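For the protein sequence lines, the chains are U and G, in the order given. In this text, residue positions in the first sequence follow my numbering: the first is 1, and each later residue adds one. In this text, residue positions in the second sequence follow my numbering: the first is 1, and each later residue adds one.
Derived by calculation from the structure, the hints in this document are not laboratory data. Heads up, some of the hints might be wrong.
[What the hints assert, rightly or not] Which bits of chain G does chain U cover? Going by a derived footprint, with three or more residues having C-beta under 8 Å, they are:
1. 43 to 53
2. 99 to 107
[Stated by the list, open to error] Which chain U residues face chain G? A few, computed with CB under 8 Å, are given here:
3. P9
4. Y25
5. K42
6. G43
7. P44
8. F46
9. V70
10. K100
11. L101
12. F103
13. G104
14. G106
[What the hints assert, rightly or not] Residues of chain G clear of chain U, computed beta-carbon distances all greater than 12 Å:
15. T9
16. K13
17. R22
18. Q37
19. F64
20. S65
21. R67
22. P70
23. N71
24. N79
25. A80
26. L81
27. L83
28. L90
Quick caveat: nothing in here was measured; it's all calculated off a predicted structure. Where a beta carbon is used, it is the ideal one built from N, C-alpha and C, also for glycine.
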Amino acid sequence: GESVGLHLPTLSVQEGDNSIINCAYSNSASDYFIWYKQESGKGPQFIIDIRSNMDKRQGQRVTVLLNKTVKHLSLQIAATQPGDSAVYFCAETTSGGYNKLIFGAGTRLAVHP
Amino acid sequence: DAGVTQSPTHLIKTRGQHVTLRCSPISGHKSVSWYQQVLGQGPQFIFQYYEKEERGRGNFPDRFSARQFPNYSSELNVNALLLGDSALYLCASSLTGGYTFGSGTRLTVV
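Isolated chain G (complex conformation):
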């Protein structure tokens, strides 16, 4: 059974550009969460979705947005990229409250 899959694995963008990151949860998992992990720190919560509805949002600017599709996959969008957005973006899926993480997308903004 496939785990949480994220794409792409690595990405380089220029300041001011936008980016879309994708996540496919474990089959049967209806909740998807997004986390940002800056080098040397623990993951920070960005968004949580359940059944296509936003259930929680962390302390991130409006440049960050997300959505969940009918098949429970999810996209994280970041507009007007800043150098400080460079990080590992992690997706986690959950069935009953336990969280399984993907390997992340490494975003570098130059």
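The following block holds chain U by itself, in its conformation from the complex:
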């Protein structure tokens, strides 16, 4: 399938290194944030989320940090693997009901052996 990240900023890392992907969000009222991974030819896949009452949340090999003061999110991937190569998007929304997701521009992660 076609790549979704032809013109996106790229982060290149060596296999086994830690990766940090950053995102600036736009709406001060947003209180729920999600990181998605998108592989070529597929839809976005949920990785991890965080609510605005937290500043850090950990999953398996992934950690999300939230800095509401500067409206910044980061996704940390430990021991990056070739299977982590994809485009990563942050998304923001407001909780309570069904609300639209606002996606960031995306970052392509390229993992080299």
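Once you have looked at the hints, place chain G on chain U.
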């Protein structure tokens, strides 16, 4: 359990034609949203439906319309296609606010 399914997976249309894209949500999910993803960009919100009612609409022209059926499946219709409508159209379903995406329909307008 099947995820969000979309059909068709790929489609080629001519300028001026109309298109209908289909989405079946995860069983039990009552909310369906549609997003347009142009190559190299993040998905952009088009519509959201819950219990067959439109709950939100993004900044898209009236050529775009959608509906949700009693079984919670949904259709996205686009009339008078333009070259700029070429994109990956994504459907997401939700139960309590978390969103699960389908693999999308790749629409090419020539």
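Against the structure, the hints:
| no. | hint | verdict |
| --- | --- | --- |
| 1 | 43 to 53 | holds (count 5) |
| 2 | 99 to 107 | holds (count 7) |
| 3 | P9 | violated (11 Å) |
| 4 | Y25 | violated (12 Å) |
| 5 | K42 | holds (5 Å) |
| 6 | G43 | holds (4 Å) |
| 7 | P44 | holds (5 Å) |
| 8 | F46 | holds (7 Å) |
| 9 | V70 | violated (20 Å) |
| 10 | K100 | holds (4 Å) |
| 11 | L101 | holds (6 Å) |
| 12 | F103 | holds (3 Å) |
| 13 | G104 | holds (6 Å) |
| 14 | G106 | holds (5 Å) |
| 15 | T9 | violated (9 Å) |
| 16 | K13 | holds (17 Å) |
| 17 | R22 | holds (15 Å) |
| 18 | Q37 | violated (7 Å) |
| 19 | F64 | holds (14 Å) |
| 20 | S65 | holds (17 Å) |
| 21 | R67 | holds (16 Å) |
| 22 | P70 | holds (18 Å) |
| 23 | N71 | holds (18 Å) |
| 24 | N79 | holds (22 Å) |
| 25 | A80 | holds (25 Å) |
| 26 | L81 | holds (19 Å) |
| 27 | L83 | holds (16 Å) |
| 28 | L90 | violated (5 Å) |
When held up to the earlier numbered hints, the structure conflicts with 3, 4, 9, 15, 18 and 28 and fits the remainder.
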